[in-house]
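Residues in the sequence shown are numbered consecutively from 1, following the working numbering.
Quick caveat, the hints were computed from the structure, so don't treat them as lab data.
Honestly, I wouldn't trust all of these hints.
[Unchecked claim] DSS-like, lysine-lysine: derived pairs with alpha carbons at most 27 Å apart:
| hint | residue 1 | residue 2 |
| --- | --- | --- |
| 1 | Lys24 | Lys45 |
| 2 | Lys24 | Lys34 |
| 3 | Lys45 | Lys34 |
Everything numeric in this text was worked out from a predicted model, so none of it was measured.
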Amino acid sequence: MERRETQIINRLGLHARAAAEVVKLATTFDASIKIHRSGEVANAKTIMELLMLGATQGTPVVVEATGTDEAEATAALTALIDARFNELE
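Given only the sequences and the hints, what does the whole structure look like? Please build it.
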């Protein structure tokens, strides 16, 4: 299992388009990927679960992956979050 901590930094938080970007990237990995927020856990491959986290700007999150490509998955998802989900602000 691989875990990385980061923070939601984009102004709109983990909204629908951002969650879709997470799912799009997460589904390219074989690993099981979860996003943790304040005791809640969402499957990173399920958009509704991600939206239910209610992660707003400034929210700390943990990206956790288990599987053969867990290190690559956590690195890629953390990079996406740190890049504001590739949104222009």
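Evaluated hints:
| no. | hint | result |
| --- | --- | --- |
| 1 | Lys24 - Lys45 | holds, 8 Å |
| 2 | Lys24 - Lys34 | holds, 14 Å |
| 3 | Lys45 - Lys34 | holds, 8 Å |
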